[in-house]
Amino acid sequence: MSSTEQGTSSAAPAEPTTAPESAAAPEVPESFYYVHGKDKVVHKVSAGALQHSALIHGMISNLGYTEEQAKANPFPFENIDGDILQMVVDWCNQHKGKPTPPEDTNLPKQKEKLFDLVLAVNYLEIKELLTYCCKQVAMMVKGKSPEEIREIWMIPTDAEDEAAEKEAKKRAGKEAAGETAAAAGDAK
Amino acid sequence: MSSDLKIVTEMTKKWSIGPIYDTNWCDMPAEIKLECIGKMALNERLLLRCTAKAERSLVDSQKIKFNKGLIRKSCGDLVFLLSRDDKYTFAKRSKGINEAFELIKYIGKIGVFENLEISFGYLFTDTKKLITDLGLFTVKNIELTYCNIDNMIDVLRKVKNDVESIKMGGDTMTAEKLAEILEISHVQNVPYWHILNYEQTDCLYKVAQMWIDRNSKIGSTFQASVYQLGSFEKFSRHFNDRDRLVSMNEKRVRIRTNKPDHHILLERGFEEDGEIHLYGQYFRLMVISAELKESEYNDNCKEWIYKINPEIYKEYDSASPYSYDEYYEGFGWGSFVY
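Quick note, the sequences are listed as chains A and B, same order. Here the UniProt record's numbering is used: the first residue of the first sequence is 1, the next is one more, and so on. Here the UniProt record's numbering is used: the first residue of the second sequence is 1, the next is one more, and so on.
Honestly, the hints are just simulated from the structure, not real lab data. Fair warning: this is a prediction, and the values are worked out from it, not measured in the lab. Take the hints with a grain of salt, since some may be wrong.
Said to hold, decoys possible - Below are the BS3-like pairs computed for lysine-lysine, each with C-alpha atoms no more than 25 Å apart in a straight line:
(1) B:K109 x A:K135
(2) B:K53 x A:K169
(3) A:K166 x B:K53
(4) B:K63 x A:K135
(5) A:K113 x B:K68
(6) B:K63 x A:K127
(7) A:K142 x B:K63
(8) B:K63 x A:K144
(9) B:K53 x A:K170
(10) A:K142 x B:K109
(11) B:K39 x A:K98
(12) A:K142 x B:K87
(13) B:K95 x A:K135
(14) B:K65 x A:K142
(15) A:K144 x B:K39
(16) A:K135 x B:K68
(17) B:K39 x A:K109
(18) A:K111 x B:K53
(19) A:K135 x B:K39
(20) B:K65 x A:K144
(21) A:K135 x B:K65
(22) B:K39 x A:K111
(23) B:K87 x A:K135
(24) B:K95 x A:K144
(25) A:K142 x B:K68
Kindly produce the complete structure, drawing on both the sequences and the hints.
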């Protein structure tokens with residue numbers, strides 16, 4: 001249901017496969033949209049799959065794009081890594097028109113990827129996938145000590161936090177003093 | 001169509017300038033952190049809140065649902081057993097009274113309980129501390145047994161108003177203490193409450209009188225098991241003197257309230273062979289519709305007696321959802337920080 005292209009202007013996306021027409025009533029052909037992430041790789045996604053994303057669905061529900069217009073205007077998500085967007089697109093396609101299962105075991109185990117996915121999914125407002133991801137994040141600290149949690153999630157200690165805050169204040173003070181001095185120099 | 005295209009172009013431009021996030025927990029927005037914390041068990045939440053001040057305030061801002069909670073005195077300490085989604089998730093034995101109190105306070109603050117059972121025994125003698133320092137408990141069904149009566153009343157006062165059932169052990173309850181309990185607003189409004197092992201004979205007519213004074217709703221139910229003889233007779237006499245009797249026989253007394261469409265029905269529990277329970281008498285008091293016919297009375301008192309004393313009918317025991325053995329066996333005991 002989806003295809004991936006290298007760049008918006010290079011190869012044209014594959015035509016959507018259409019289901020055989022029923023004898024009773026001809027089916028309305030499914031509409032497709034195009035999205036790309038930071039890597040500019042364009043993903044072709046059906047409107048049905050995009051229904052999972054409240055953000056995109058809200059946008060396109062009354063749009064009435066033709067195939068050409070959709071192709072010419074891929075939705076850019078420059079703040080989402082290409083591989084993460086690919087995961088999101090794959091998930092939306094896999095769960096298109098299906099009830100979501102109580103658990104999803106195909107989520108990334110690697111911390112950075114999982115956090116990136118959480119943020120992307122939150123941004124795209126995909127509620128069910130966000131629930132799975134948050135469960136997976138919660139599982140990461142199961143049975144760990146506070147020190148281990150701090151290490152895994154890179155949580156600064158209160159002392160480190162305070163030191164960073166002091167440093168930031170100091171820097172801001174210096175910058176302000178520099179600006180004042182520069183302004184005084186200009187005035188002379 | 002061209003205006004649609006313009007809107008989309010504008011929106012997608014905005015999307016494109018969104019921030020590229022880092023991949024650490026600390027860079028996650030608070031709402032996502034809260035969503036993740038919401039999926040954690042109490043153990044993990046307690047451990048996470050030990051990592052830094054910011055995490056502590058986030059964890060503490062998030063409520064946690066428990067379907068069962070048991071706080072029970074055991075050898076001078078308190079034992080906490082909490083379960084979530086029918087899975088045992090938290091077990092702790094407090095070290096000393098101060099830790100016990102702090103943990104009650106914390107669990108009371110963040111917990112949303114379906115069922116909570118508290119048996120403090122006589123552990124807390126400083127009742128002022130309970131009144132002043134405890135927050136309000138959010139609980140649907142609360143059971144208070146084997147507690148100093150003053151502690152019991154203090155905890156009852158600290159329960160939020162939407163409680164649906166209150167179960168109490170009343171072996172240390174005097175008439176004065178019952179009067180204090182009847183003054184508590186959620187006791188007055190609770191759909192179901194009971195006193196197990198009450199040692200006086202005044203609770204039935206006092207509860208009925210409180211319902212009359214407050215025009216309580218149809219369905220309000222109070223049950224009691226009483227060791228002393230005479231509660232049934234005292235109830236009948238009290239309302240006969242006030243010209244409220246509608247009907248009376250050895251099993252039931254029905255009285256009028258101030259609302260013409262509301263009656264109150266007192267029923268006495270009987271053995272299957274029709275005998276009265278001698279070792280502890282069982283009573284049920286209900287606000288009923290004045291329309292209810294005598295032919296519609298239910299003579300099967302086994303079910304409601306079981307509700308007040310599950311141990312009385314052995315055949316029901318295997319189905320009991322509140323078995324202590326089940327509670328204790330299911331837990332792994334660990335050490336926890338909070």
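Okay, the hints, checked on the actual structure:
1. Simply put, B:K109 and A:K135 have alpha-carbon atoms about 24 Å apart, close enough for the 25 Å limit, and the pair holds.
2. Under the criterion of a C-alpha separation no larger than 25 Å, the hint pairing B:K53 with A:K169 is consistent with the structure, at around 20 Å.
3. A C-alpha spacing of about 17 Å is found between A:K166 and B:K53, which places the hinted pair at or below 25 Å, so the restraint holds.
4. Proposed proximity of B:K63 and A:K135 is supported: the alpha carbons are some 16 Å apart, at most 25 Å.
5. As the CA atoms of A:K113 and B:K68 are separated by approximately 36 Å, the hinted pair breaks the 25 Å bound.
6. Of the supplied pair hints, the one linking B:K63 and A:K127 holds, its CA atoms being roughly 20 Å apart against a limit of 25 Å.
7. Between the alpha carbons of A:K142 and B:K63 the distance comes to roughly 19 Å, so the proposed pair stays at or under 25 Å and holds.
8. At most 25 Å may separate the alpha-carbon atoms for a hinted pair to count; B:K63 and A:K144 meet this at roughly 22 Å.
9. At roughly 22 Å between alpha-carbon atoms, B:K53 and A:K170 fall within 25 Å of each other, so this suggested pair holds.
10. Restraint check for A:K142 and B:K109: the C-alpha separation of about 23 Å stays at or below 25 Å, so the hint holds.
11. Only pairs whose Cα atoms come within 25 Å are accepted, and B:K39 paired with A:K98 is accepted, the gap being roughly 24 Å.
12. Restraint check for A:K142 and B:K87: the C-alpha separation of about 15 Å stays at or below 25 Å, so the hint holds.
13. Distance restraint check for B:K95 and A:K135: the Cα-Cα separation of roughly 32 Å exceeds the 25 Å cut-off, and the hinted pair is therefore not satisfied.
14. Distance check on the hinted pair: B:K65 and A:K142 sit about 18 Å apart at the alpha-carbon level, within 25 Å; holds.
15. For the hint linking A:K144 to B:K39, the alpha-carbon distance of about 16 Å falls within 25 Å, and the restraint holds.
16. Restraint check for A:K135 and B:K68: satisfied, since their Cα atoms lie roughly 22 Å apart, inside the 25 Å limit.
17. Our distance criterion of 25 Å between C-alpha atoms is met by B:K39 and A:K109, whose separation comes to about 17 Å.
18. Of the supplied pair hints, the one linking A:K111 and B:K53 holds, its CA atoms being roughly 23 Å apart against a limit of 25 Å.
19. In summary, the hint linking A:K135 to B:K39 is supported, as the alpha carbons are separated by about 5 Å, within the 25 Å threshold.
20. With a C-alpha separation of about 22 Å, the suggested pairing of B:K65 with A:K144 holds against the 25 Å cut-off.
21. Of the pairs offered as hints, the one joining A:K135 and B:K65 holds, with about 16 Å between alpha carbons and a cut-off of 25 Å not exceeded.
22. Taking the CA atoms of B:K39 and A:K111, the gap is about 17 Å. The hint holds against a cut of 25 Å.
23. Taken as a hint, the B:K87 and A:K135 pair is honoured in the structure, with Cα atoms around 16 Å apart against an allowance of 25 Å.
24. Of the supplied pair hints, the one linking B:K95 and A:K144 holds, its CA atoms being roughly 22 Å apart against a limit of 25 Å.
25. With a C-alpha separation of about 21 Å, the suggested pairing of A:K142 with B:K68 holds against the 25 Å cut-off.
Hints 5 and 13 from the list above are not met by this structure, while the remaining hints are.
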